[in-house]
Amino acid sequence: MSLRIVVTVKYVPDATGDRHFADDLTVDRDDVDGLLSELDEYAVEQALQISENSDDDVEVTVLIVGPEDAKDALRKALSMGADKAVHVEDDDLHGTDALGTSLVLAKAIEKAGYDLVISGMASTDGTMGVVPALLAERLGVPQVTLLSEVSVEDGTVRGRRDGDAASEQLEASLPAVVSVTDQSGEARYPSFKGIMAAKKKPVQAWDLSDLDLEAGQVGLEGAYTVVDSATERPARTAGTIVKDEGEGGKQLAEFLASQKFI
Amino acid sequence: MAEVLVYVDHVDGAVRKPTLELLTLARRIGEPVAVALGAGGADTAAVLGEHGAVKVLTHDASEYADYLVVPKVDALQAAVAEVSPAAVLVPSSAEGKEIAARLALRIGSGIITDAVDLEAGDAGPVATQSVFAASFTTKSRISKGTPVITVKPNSAAVEAAPAAGAVEALSVTFSAQATGTKVTGRTPRESTGRPELTEAAIVVSGGRGVNGSENFAIIEALADSLGAAVGASRAAVDAGWYPHTNQVGQTGKSVSPQLYIANGISGAIQHRAGMQTSKTIVAVNKDAEAPIFDLVDYGVVGDLFDVVPALTEEINTRKG
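Chain order of the listed sequences is A and B.
The first sequence stops at residue 262 when you use our numbering, and every number in between is there.
The second sequence stops at residue 1320 when you use our numbering, and every number in between is there.
Honestly, the hints are just simulated from the structure, not real lab data.
Quick caveat, the model's predicted, so the values are computed rather than measured.
Glycine included, each C-beta is placed from N, C-alpha and C at the ideal position.
Here are the simulated DSS-like pairs of lysine-lysine, each with C-alpha atoms no more than 25 Å apart in a straight line:
id : chain 1 : residue 1 : chain 2 : residue 2
1  : A       : Lys-84    : A       : Lys-199
2  : A       : Lys-243   : B       : Lys-1286
3  : B       : Lys-1279  : A       : Lys-260
4  : B       : Lys-1319  : A       : Lys-260
5  : A       : Lys-250   : B       : Lys-1279
6  : B       : Lys-1144  : A       : Lys-107
7  : B       : Lys-1286  : A       : Lys-250
8  : B       : Lys-1279  : A       : Lys-243
9  : A       : Lys-250   : B       : Lys-1319
Now the stretches of chain B that chain A is said to cover, found in silico as 3 or more residues with beta-carbon under 8 Å:
id : region
10 : 1123 to 1134
11 : 1182 to 1196
12 : 1292 to 1301
13 : 1306 to 1314
Ranges of calculated distance between the beta carbons of each label pair, as one might list FRET restraints:
id : chain 1 : residue 1 : chain 2 : residue 2 : range
14 : A       : Gln-259   : B       : Thr-1173  : 48 to 58 Å
15 : A       : Ala-165   : B       : Pro-1291  : 26 to 36 Å
16 : A       : Gly-216   : B       : Ser-1062  : 37 to 47 Å
17 : B       : Gly-1108  : A       : Glu-52    : 33 to 43 Å
18 : B       : Ala-1176  : A       : Ser-2     : 25 to 35 Å
19 : A       : Asp-14    : B       : Ala-1042  : 48 to 58 Å
20 : A       : Ser-173   : B       : Ala-1081  : 25 to 35 Å
21 : B       : Ala-1239  : A       : Gly-216   : 46 to 56 Å
22 : B       : Val-1011  : A       : Gly-246   : 39 to 49 Å
Turn these sequences into a full structure, and let the hints guide you.
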């Protein structure tokens, strides 16, 4: 038995940087450093754990759709321990929305071959959290999403989904799409050995034609959503700050009363 | 007038507040038609009618509880086919976003998630979103198909607007995928008696400075004095002091209450992403340099173990 896991990851602008929009109202990627979306590290970690806990022959492929620099994110995932990587890069991808991204990912996943897809719960830039569900819909396989615990055994994936109202135990047959939360387990740091080994691991490069896709299906042209304006939120006017010298609680209560909260 | 489908989030017939907010927003762009699925769906009609639903489409089947997400997508797709709405609105819960996404893909439409406001526009509904940790506000619309939009809780004040609320049975045929993911067990979350975090008008949060799970009692006491929900920063959750379901921030819940009180929280970007759209922000922190103070309307530089109990006592005294 063998198990092929594809982990979808995203290259995102660093949230601690000064993120803003370019003139075409897409995310400006030139002025802020990019990195592997933190929430995708959890997906890589779970793929590696499934691999380590399995008696089967498991192959972990990381898949990214993004510009040249996105290789940095692939390299990080390979350093953590993934076996190989696929990089889908094409100038026509600029401005692709979530629906378009799910199309490109689904085509690439099918081309790579898979038994299990693992994604992070959301990207840390768009934070929509819809791509895993979209992938399941496109691939026509079960979605087992937002898991804080995941295991794979005998062709079945099981996990725990902690929702607002209840915690649910889920189960589905492979192939399936899984997404994991930041509660699934701390992601490992790449070791020196891992970093050296990553340099020798294969990275395949595909463009739209490799996936039988055309420019009009993706990018800004193919987007189903139009951003008409993006305005920077005005800086908050400076608030009142007091030092507690015994009366801090009372002063705060006074403020809350003045705002009619009490 | 065009009809607008509103997906109803309810627990055994008890409608959750974000759905009532959606009905208010839906009336700006058309006539609300609600879709209430599963056990108790028909029981929602009265309250939905009071808030503007002209019709309530219902369907009950065990699939809604026994399998994840897809049966609800099948039903919503059937409702879209029956009504041909001008838009579909869904609450921005984790499940709501998944339902909306799959629906949009099936009906060949675009999707906007986490709208914080909605208005009618010449080219369809215009959604306001708050992005990049609330540092930017965007206005977007859907350019293809029937707009599918998810809306964050607390994005509109609930307004009553009595309408017929006539119950009609929706006819649903489940897809082959509907039974793909089985729910083999369900443990309801124990009720704390406090408001739901994302829906609360006031949220009181604790962070690293709370320094231990036992100390969260003073955060809870302040919350209870204000009828507030309790939140926690990622540092507090990762340390095991408070449950993940209460985490506010980029990887937790995004909240937008009338009042947010941050205690012992420094205000890292990840936390700010989850609370920066709160209307009034208050912080208590020992460190005068903490970035949270850049956001506040009122801040107290001081030890939360002194300030918070004093505040709670003062509130309780004032309430009499």
